[in-house]
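My request is simple: use the sequences and hints to build the entire structure.
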Amino acid sequence: QQPVQSPQAVILREGEDAVINCSSSKALYSVHWYRQKHGEAPVFLMILLKGGEQKGHEKISASFNEKKQQSSLYLTASQLSYSGTYFCGTEEGSTDKLIFGTGTRLQVFP
Amino acid sequence: NAGVMQNPRHLVRRRGQEARLRCSPMKGHSHVYWYRQLPEEGLKFMVYLQKENIIDESGMPKERFSAEFPKEGPSILRIQQVVRGDSAAYFCASSPKGPGTQYFGPGTRLLVL
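Going down the list, the sequences are from chains A and B.
This note's numbering puts the first residue of the first sequence at 1, with every later residue one more than the last.
This note's numbering puts the first residue of the second sequence at 1, with every later residue one more than the last.
Here are the simulated lysine-lysine pairs, DSBU-like style, with alpha carbons at most 35 angstroms apart: (1) LYS59/A - LYS44/B; (2) LYS62/B - LYS26/A; (3) LYS97/B - LYS67/A; (4) LYS50/A - LYS27/B; (5) LYS37/A - LYS71/B; (6) LYS67/A - LYS37/A; (7) LYS59/A - LYS27/B; (8) LYS37/A - LYS44/B; (9) LYS97/B - LYS26/A; (10) LYS67/A - LYS50/A; (11) LYS97/B - LYS50/A.
Hints listed in this document are in silico derivations from the structure and should not be mistaken for laboratory results.
What follows is the structure in structure tokens.
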């Protein structure tokens, strides 16, 4: 079953923060986050493995709560380049297969 | 190190024709995944292959669709007797070994007239 992302869409002014959530109904082995700009391929942001870890990449970080089967992506001091659709990809058990979430469309305006 | 390559980037077919989509994984990657994306929608898993083996094809329609990843050459996603509903962007991704980061190709945009 497809993970559910919330919110579906976010509109920000440059410099504002945002949180994108990803929830699964199944136990997760890992969560992957990608950003896709219109007409382009998804670009890998980060991967989180079970263990409740948190990762950061410049001003973008993420957490993974395996008990709640949830992951959150944190965007701090957003930049225009952050605009795009964010997808989480979940892996149930060590299957090597990703099931992508419903997507969150983020738009950052000057 | 070249990234994942897909060709053609755009493909137009008439209903009933065949579509062949090619994916060359990154150098050193032996795992290939195919996804389909409809306009304004998410990525839907289709099939996962390793060299000469189909590992998981649970997302692939039972009829008209097939995939292969031969020992030599690119991975091929083949759609026979295309219908308008097959129009979509098809992405492939590769990884050195699963689980791990999947790197996506630029996609093939298929339009069925």
